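Colleague: Residue-level listing of the chains:
Protein chains: 2
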Amino acid sequence: MDKNILLGHGSGGKMTHDLITDLFVKYFNNDILSPQTDSAIISINSGNLSFTTDSFVVDPIFFLGGDIGKLAIAGTVNDLAVSGAKPLYLSASFIIEEGFPVKDLEVIIRSMSEEAKKAGVKIVTGDTKVVNRGQCDKIFINTTGIGQLPDECKNIGIGTGIEPGDKIIINGTIGDHGMSIMAAREGINFSAEIESDCACLNLMIKKALNVSDKIKFMRDATRGGVATVLCELAEKRSFGIEIYEEAVPVRENVRGMCELLGFDPLYVANEGKVLMAVSGEDAEKVVNELKNDELGKDAAIIGEIVDEHHARAWLNTGIGGRRIIDMLAGEQLPRIC
Amino acid sequence: MDKNILLGHGSGGKMTHDLITDLFVKYFNNDILSPQTDSAIISINSGNLSFTTDSFVVDPIFFLGGDIGKLAIAGTVNDLAVSGAKPLYLSASFIIEEGFPVKDLEVIIRSMSEEAKKAGVKIVTGDTKVVNRGQCDKIFINTTGIGQLPDECKNIGIGTGIEPGDKIIINGTIGDHGMSIMAAREGINFSAEIESDCACLNLMIKKALNVSDKIKFMRDATRGGVATVLCELAEKRSFGIEIYEEAVPVRENVRGMCELLGFDPLYVANEGKVLMAVSGEDAEKVVNELKNDELGKDAAIIGEIVDEHHARAWLNTGIGGRRIIDMLAGEQLPRIC
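These protein sequence lines are chains R and C, in that order.
If you read the first sequence in this note's numbering, its first letter stands for residue 1, the second for the next number, and so on.
If you read the second sequence in this note's numbering, its first letter stands for residue 1001, the second for the next number, and so on.
These aren't lab readings, by the way, just hints derived from the structure by calculation.
No experiment lies behind these values; they were computed from the predicted model shown.
Certain hints may be false.
[Claimed, not checked] Some, not all, of what chain C presents toward chain R, calculated at C-beta under 10 Å: (1) N1029; (2) N1030; (3) D1038; (4) I1042; (5) T1053; (6) L1080; (7) S1083; (8) K1086; (9) T1125; (10) G1157; (11) A1247; (12) G1256; (13) L1260; (14) F1263; (15) H1310; (16) P1334.
[Stated by the list, open to error] Simulated restraints, written as ranges between beta carbons of each label pair: (17) C/D1213 / R/I32: 18 to 28 Å; (18) R/E193 / C/A1329: 19 to 29 Å; (19) C/K1207 / R/E294: 21 to 31 Å.
Backbone N, C-alpha and C fix where the C-beta goes; we use that ideal spot for every residue, glycine too.
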């Protein structure tokens, strides 16, 4: 295992075969994957499915709180979970640069396997391509997921039914992932190190859905941060969103680093944060349920749906001012996920 | 459209949003994709599904007979089809190098859209990442597919039930894709240009399945070529495979280029070829049905399952000799798909 990935590992021949057997099948080990045909056979009860895909190109591939493998599982599991679905099966596809250390690949595969087990999903099919040195940067991973979507949840991804009076809830501090990556990339050291929030949220979300049938919308606030989710939610709607800046949880070290680098935490990527719109009557109950989960211990109501400034999200700043939350125009942080 | 891809197109913000609306939604246009949430909601009757993933890194991205977009659709549709499934839904995920021409992206997207329509599949969810210049080579595409697998087909991917006397069938000439890519890459010009066989085989395969319930195994012969499929099929089995070299269809220009470059066509990638194992009594009928389809017009029986040299595939060469078909040891042609 003190070897490097060679072009032959992507040939589809014997070396690919050995890599699959020695690493992928070993760690992702399950009945569906093991026949090693090109397609997995999965069995699902009839009804609606959620289907989502994401490619992960994060740089660096190892960071405090995770790595590209953990991120690739959490990102896709969360996209399924916020649609209201129960994540079931994932595919995993790797593009690897020639010369990549096999031991690093093993760390990534192990971390994917652990995260998938935690979330209760199976990695059932995959693909490996190797490109020449310099033709990709270390490793890129695509995960695509299938989840079962109960009928009563099928509008959660779009948020039909949202109305003024609904509360906006988040399950904890924002900006942790983005600033963790920035710190790792730039070699910035704060007294308290910034850990990515990268985690699978499906089990926490399930608890929330169990205590309330009035969760009307969910979205994970990844690239573009909380601000982008709010803008997309408000856009073209007959309601507005009001966010109370003081209520938005931000870690001190994240706030400090954002100030230092000129970022607004609202726009910084998260990888373990879900934004919910919940009817006013159930909002406290949902927050309390989230707080019972380690991944939701800092959950808070951070705003509400209002019958004003339609199609816009507004921020009430701590000092009594107000400003529009706009969509991110350019790119703040390339390769954040 | 005379623009280039910028990092901001992968930000998750406004530029990503515009790119999705102006290109992806425009060309992939369907009801399921248009809500533009992170997960598509698809509805499938109960039963078994085939689920498969592939990342495409082909170089060059445009070649005679196709491009990376067409290839990305055909590759995944074919993986589903050879499992015996009816391909239904695809995801498409893009990793694009900063500076990539938007007009080239549009050609690729259009070609994906056309190929998907031909095959009767919908592209229902996607993702776009942009990496800095030099961190990937132009564009990589992942497609992941879901197909419905009838009960009577669920062993076709593994080939349980194969027995001596079954015939090995291929739907046409081998090595076309690999040699087309090599010619495009190296700027080699033959009097007759070599066109890739890149195509979706699902409709042709369906016709074959309609005339025979004795198709016991199918696999598309992509990376590693026909030889790799034969080796994987024979490995650890209580039967052997015998291939008659003279019966294997190879175009003259492909054979010439293979000889020139020192390749064995049996190991060269195809992107529109399926290898089948069919019971002796139905073999002629299946070949004739394949021949009725443009994509199967050169179909032929090229070998059979034998009760000899178990777990091995053998080639009977034209001059009366015999040799073992071994698995590819290293890499012949990196980035062939």
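Colleague: The hint names C/H1310 as touching chain R; please verify it with the least Cβ-Cβ distance against 10 Å.
Modeller: This hint is violated: C/H1310 lies away from chain R, its Cβ roughly 19 Å from the closest one there, beyond 10 Å.
Colleague: Could you check if C/K1086 really has its C-beta closer than 10 Å to a C-beta on chain R?
Modeller: violated (12 Å)
Colleague: Does the beta carbon distance between R/E193 and C/A1329 stay inside 19 to 29 Å, or does it fall outside?
Modeller: Check failed, 46 Å falls outside 19 to 29 Å.
Colleague: Can we keep the C/I1042 interface hint, with Cβ of chain R closer than 10 Å?
Modeller: Interface hint status for C/I1042: holds (5 Å vs cutoff 10 Å).
Colleague: Is the shortest C-beta separation between C/L1260 and chain R less than 10 Å?
Modeller: At 21 Å from the nearest chain R Cβ, C/L1260 fails the 10 Å test, so the hint is violated.
Colleague: Would the stated hint for C/P1334 survive a check requiring a Cβ distance to chain R of less than 10 Å?
Modeller: Check passed: Cβ of C/P1334 comes within 5 Å of chain R, closer than 10 Å.
Colleague: Honestly, do C/D1213 and R/I32 meet the 18 to 28 Å range at C-beta?
Modeller: holds (25 Å)
Colleague: Quick check on the hint: C/L1080 CB to chain R CB, less than 10 Å?
Modeller: Holds - the Cβ of C/L1080 comes within 10 Å of chain R, reaching about 6 Å at its closest.
Colleague: Once the shortest beta carbon distance from C/S1083 to chain R is found, is it less than 10 Å?
Modeller: Holds. Min distance 4 Å.
Colleague: Do the beta carbons of C/K1207 and R/E294 sit within 21 to 31 Å of each other?
Modeller: Violated, since C/K1207 and R/E294 (Cβ atoms, about 55 Å apart) do not stay within the stated range.
Colleague: Given C/A1247 as an interface hint, is the shortest Cβ-Cβ distance to chain R below 10 Å?
Modeller: Violated. Min distance 24 Å.
Colleague: Would the hint on C/T1125 be counted as holding, given a Cβ-Cβ threshold of 10 Å to chain R?
Modeller: With Cβ-Cβ at 6 Å, under 10 Å, it holds.
In summary, the numbered hints that this structure violates are 1, 2, 8, 11, 12, 13, 14, 15, 18 and 19.
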